[in-house]
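Chains E and P, in that order, are what the protein sequence lines are. Residue numbers for the first sequence follow my numbering, so the first one is 1 and each next one is one higher. Residue numbers for the second sequence follow my numbering, so the first one is 1 and each next one is one higher.
Source of the hints: derived by calculation from the structure; they are not laboratory data. Incorrect hints may have been included.
[As the list claims (entries may be wrong)] Taking beta-carbon pairs under 8 Å as the criterion, some of the chain P residues facing chain E (in silico):
1) Leu38
2) Leu89
3) Val96
4) Leu100
5) Leu103
6) Gly181
7) Gln206
8) His215
9) Gly314
[Said to hold, decoys possible] Take a look, some chain P residues computed to stay more than 10 Å from chain E by CB distance:
10) Ala24
11) Pro27
12) Ala121
13) Arg135
14) Ala142
15) Thr143
16) Gln157
17) Pro187
18) Asp225
19) Gln237
20) Thr245
21) Pro247
22) Thr257
23) Ala262
24) Thr297
25) Arg298
The beta carbon of each residue, even a glycine, is placed where N, CA and C say it ideally should be.
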Amino acid sequence: MTNEQKAELTRTWADPPGLWGFLTTVDHKRIAARYICSTIALLFLAGMLALDMRLQLSQPGMQRMDPQEYNEAFSLHGSTMLFLVSVPVMEAMALWLVPLMLGQRNVAFPRLSAFSYWLYLGGVLMLWVPHALNITPDLGWFEYPPLSGPAYSPGHRADIWAQMITFTEVAALAASVNIVATILKMRPPGMTLARMPLFLWAMLIASLMTILALPSVMLVTSMLISDRLVATHFFAPAGGGDVLLFQHLFWFFGHPEVYIIFVPAIGFVSAIVEVFARRPMFGYRAMVLSMVAIGVLAFGLWVHHMFAVGLPRIGNAFYTAASMAIAFPAGIQIFCWIATLWSGRPRFDTPLLWIVAFLVTFVVGGLSGVMAAAAPLDLQLTDTYFIVAHFHYVLVGGAMFPLFGAFCFWYPKATGRLMSEAWGKLAFWLIAGGFNLGFFPMHLLGLMGMPRRVYTYPAELGWGTLNLVATIGSAIAVLGGVVFVVNALVSLRRGKPAGPDPWGGATLEWAAPSPPPQHNFDWMPVETSLAPMWDAKDGLAVMEGLATGSREVLVTSLVEAEPEYRQHSVGPSIWPLVSGLAVSALFVGSIFTPWALVWGALPVGAALTLWFWPTRPRATAGPFARRSG
Amino acid sequence: MVRPDPMKWRVLLPAFAVTSCSGAQTPLDPVGDQASQLFSLLTLMLWVCGIAYALVLAFLGWTLWRARHVLERDPPEVAPEDRRLNHGLRIWAGLVAVGLIILAGGSYVVDWALSRAEREAALEVRVTGHQWWWRIEYRDPATHQWIETANELHLPQGRTALVLLGSADVIHSFWVPNVAGKMDMVPGRINQVALTPRRLGWFRGQCAEFCGSQHAHMAFDVYVDSPAQFAAWLTAQRQPATAATDPVLARGAQVVTQGPCAACHRLRGTPATGRAGPDITHLASRHALAAGTLPLTRGAIQGWIAQPKALKPGTMMPAIPLSAADADAVSRYLVTLK
């Protein structure tokens with residue numbers, strides 16, 4: 001490629017300068033970086049809420065928070081962590097990494113990813129602006145009716161929660177569709193399904209799960225809003241409704257959601273283990289099959305959140321079996337990761353330390369999950385601090401630790417500089433140690449009878465000491481989080497220059513410069529193995545033929561990844577933002593009046609029409625040709 | 001059938017160091033058949049899961065040790081054959097499967113035992129959740145009428161009581177961990193849970209499903225009585241409220257039964273027939289006030305009537321402004337309602 005061609009390629013893929021470029025960009029890296037920075041900011045805010053709650057619980061009978069403040073704090077903490085941090089950050093990592101790992105210049109639907117971020121931002125504002133105005137949702141991260149119904153929750157707190165979910169779920173669906181289409185149709189020539197890195201398998205499965213699970217929660221929150229807004233009786237027993245319907249629909253989403261968060265973490269762990277063990281993952285096929293098994297089983301065990309609601313015993317027994325069965329593929333994966341490290345030549349840099357911490361903590365969460373999966377035993381465990389400990393071990397140990405590892409691992413790729421190892425290790429020990437000190441005692445508190453979601457407790461029950469330990473541990477973990485973020489910010493300027501491949505990576509993203517240019521790669525790589533960077537001793541095989549003067553990407557076949565055609569990739573556009581604003585207006589309006597659905601649809605329709613307005617000139621020959629004369 | 005002795009397993013749980021004290025609220029000190037069975041299941045789980053965790057840590061520890069002490073000195077050129085690891089994977093998969101089958105089997109055995117107890121129930125009790133207190137009704141074995149009380153459950157030792165659970169407003173959950181596992185109280189449905197306490201004593205129960213502002217202060221006391229004590233207690237609860245003799249008490253009775261209290265509270269045998277709040281016919285026979293929030297003393301009653309929202313923010317009980325003399329008379333009268 002000549003220098004003129006390179007310059008042309010750079011010009012073709014460049015965003016407009018300044019603010020206009022910021023608002024119109026469709027570069028997957030820029031959008032994903034925004035997503036990731038937003039989730040880190042929210043992680044910090046929700047962490048502060050957690051610390052606030054821990055201080056309130058540190059001693060029996062504390063008066064720092066009244067019940068209303070406490071209920072708002074745990075509702076906002078849970079809703080933010082689940083809907084605005086965990087799920088979006090996984091999608092954001094996929095949005096950033098998938099095209100790079102595929103050797104592509106952008107995702108399949110560039111404008112859809114921009115739209116996804118703007119709607120996600122709408123969801124963030126939907127929850128946190130009302131918090132600033134003191135109309136914070138106060139019924140937890142799952143708002144069971146009738147408590148969330150019109151009779152017991154007047155005002156708009158419950159509506160705000162329900163509509164925040166609509167925002168984030170539309171955003172998540174848009175991101176997931178994009179990731180699925182990109183992985184299935186835009187793999188580089190030679191990357192057959194059987195040669196696809198485990199990270200891509202994980203993101204594909206998690207995205208498919210998102211597409212199948214999220215409609216359920218959007219449906220159920222919409223039903224709740226309609227109960228509240230136009231007096232339908234979906235969840236009103238007096239009107240023939242059923243309150244358990246809400247729980248079924250919510251958990252049909254809610255359980256897969258846990259795996260939607262965890263499966264991408266499987267991808268991070270596999271990618272990091274492979275590179276730092278300096279050998280290909282042991283048991284590639286077992287890993288893929290177990291991920292698929294988790295993806296399928298995850299949809300068959302939602303009732304284990306409802307063992308205490310009084311469903312028939314035979315039904316509970318089925319869900320006990322299904323819930324325990326999911327420990328089987330998870331157990332296989334644990335073995336494969338440790339076996340890879342055992343048989344490799346592991347190098348203990350910060351990313352791998354996070355994976356070791358992941359193994360040590362996640363397995364505790366998995367095993368406590370097996371205990372809670374037994375329907376009768378769950379009657380003693382559910383809604384106690386045992387469950388609080390369990391899901392924090394699974395979500396923090398199982399998903400956040402790999403995420404932090406992934407952040408350290410791909411940070412040099414994104415910024416061109418390495419994070420400080422010394423500060424990274426300090427943050428690691430503070431977070432991993434503080435987390436375990438803070439959350440392990442909660443298992444014991446649960447077994448000592450402490451229910452969740454209580455803003456205070458009497459001294460006679462003897463829960464004070466362990467609660468104090470939990471508070472101290474949480475504070476240490478928060479301190480570690482601050483060290484982590486400061487390290488990331490300082491390394492942006494002061495970090496050692498990384499070069500394209502600081503860790504000796506296996507997959508294609510390490511072939512791009514760090515940070516990658518807007519078009520990612522000058523050439524389209526061709527894959528010959530699972531670890532192309534390791535196996536291509538004399539340079540990667542590449543193919544030519546994509547235009548430099550217009551935005552083009554390569555579309556390949558579903559299974560064998562054979563080149564099919566060159567696809568025009570759309571450029572910057574303001575319409576995703578305008579559509580996002582129009583949809584936001586509709587969503588916000590619809591908690592006040594049902595007519596918002598009617599009148600709000602008009603600007604949405606107009607914005608989408610302009611978004612999809614054809615820009616290509618009409619053909620000059622053939623049946624669609626412009627007629628002259 | 002020989003019931004497993006929970007004390008036998010206590011040695012396996014040294015970390016928890018549970019002592020059986022009065023007013024306990026923990027699944028680790030089971031006094032009922034149901035809680036004992038669940039405790040055995042918990043013990044089985046801790047053993048199997050503990051072994052699994054030990055195996056994972058051992059493999060990981062070996063890996064770290066090997067990386068430090070073997071590979072650093074003598075790094076192999078190429079990765080070793082995966083054949084041994086494949087072998088290990090198959091053994092590990094087998095172990096996981098066996099462990100899960102043991103646990104699922106244990107779970108089914110316990111579930112079956114729990115369902116059998118429900119069929120042996122000899123006493124019927126109805127408990128209804130309210131924001132934020134418990135309405136408790138006993139089926140009188142003689143007249144088959146319901147005898148109402150609140151926030152304090154009495155159970156006869158060695159007999160199975162079938163508790164029918166309902167809700168008047170939102171979802172609550174009925175939980176006496178020392179006796180049995182929890183069961184939700186779902187509006188529009190009736191759930192049931194069997195309780196077979198074996199040891200005399202005082203235990204604590206608490207709402208386990210978030211039910212709004214005062215979820216934290218929705219507790220109740222459970223007294224396991226000998227069958228004779230229980231029969232005497234039930235007979236006493238059946239009686240109407242005692243009449244006031246003294247003039248101060250009579251003034252108190254007048255304020256309570258004809259004043260604002262009567263709108264929500266019932267005193268059987270008086271004009272007070274309100275149903276929104278707890279039945280207070282035998283208020284002073286109970287040990288706590290406002291669903292476990294305050295001890296039942298005259299001072300607490302007077303404070304509760306004057307400033308309920310200061311003691312339990314969000315409670316449905318309104319503040320009742322009374323003259324000093326009336327407040328005194330009312331509290332003196334209420335503590336006579338044994």
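Consistency of the hints with the structure:
1. Below 8 Å, beta-carbon pairs count as interface contacts, and P/Leu38 has one with chain E at about 5 Å; its hint therefore holds.
2. Here the hint on P/Leu89 is kept, as its CB sits about 6 Å from the closest CB of chain E, short of 8 Å.
3. Below 8 Å, beta-carbon pairs count as interface contacts, and P/Val96 has one with chain E at about 4 Å; its hint therefore holds.
4. About 5 Å separates the beta-carbon of P/Leu100 from the nearest beta-carbon of chain E, less than 8 Å, and the hint is met.
5. The closest approach between the C-beta of P/Leu103 and any C-beta of chain E is roughly 6 Å, which is under the 8 Å cut-off, so the hint is satisfied.
6. Interface hint at P/Gly181: satisfied, since its Cβ lies 3 Å from the closest Cβ of chain E, which is below the 8 Å cut-off.
7. A cut of 8 Å between beta carbons decides the hint on P/Gln206: the least distance to chain E is about 6 Å, and the hint holds.
8. Nearest Cβ of chain E to the Cβ of P/His215: about 6 Å, under the 8 Å cut. The hint holds.
9. At a threshold of 8 Å, the smallest CB-CB gap from P/Gly314 to chain E is about 6 Å, leaving the interface hint in force.
10. Not every CB of chain E lies more than 10 Å from the CB of P/Ala24, the least distance being 8 Å, so the non-interface label is violated.
11. Under the 10 Å C-beta cut-off, the non-interface status given to P/Pro27 relative to chain E is violated; the minimum distance is some 4 Å.
12. With a least CB separation of 16 Å from chain E, P/Ala121 remains clear of the 10 Å interface cut-off, as annotated.
13. The claim that P/Arg135 is not at the interface with chain E holds, since no C-beta of that chain comes within 10 Å of its own (minimum 17 Å).
14. A cut-off of 10 Å between C-beta atoms confirms that P/Ala142 is not in contact with chain E; the least separation is 30 Å.
15. For P/Thr143, the requirement that its beta carbon stay farther than 10 Å from each beta carbon of chain E is met, with the minimum near 29 Å.
16. The non-interface label for P/Gln157 is consistent with chain E: the shortest C-beta to C-beta separation is roughly 21 Å, beyond 10 Å.
17. At roughly 5 Å, the least C-beta separation between P/Pro187 and chain E is not larger than 10 Å, which violates its mark as non-interface.
18. The beta carbon of P/Asp225 is kept farther than 10 Å from every beta carbon of chain E, the shortest such distance being approximately 22 Å.
19. With a least beta-carbon separation of about 26 Å from chain E, P/Gln237 lies farther than 10 Å from that chain, consistent with its non-interface assignment.
20. With 10 Å as the threshold on Cβ separation, the claim that P/Thr245 sits away from chain E holds: the shortest Cβ distance comes to roughly 37 Å.
21. At roughly 38 Å from the closest C-beta of chain E, the C-beta of P/Pro247 stays outside 10 Å, upholding its exclusion from the interface.
22. Look at P/Thr257: its CB is around 30 Å from the nearest CB on chain E, clear of 10 Å, so calling it non-interface holds up.
23. Here P/Ala262 stays apart from chain E, with its beta-carbon at least about 25 Å from theirs, past the 10 Å limit.
24. Distance check on P/Thr297: its Cβ is at least 16 Å (rounded) from any Cβ of chain E, clearing the 10 Å threshold; non-interface status holds.
25. At the 10 Å boundary, the C-beta of P/Arg298 stays outside the reach of chain E, the nearest C-beta of that chain being 21 Å off.
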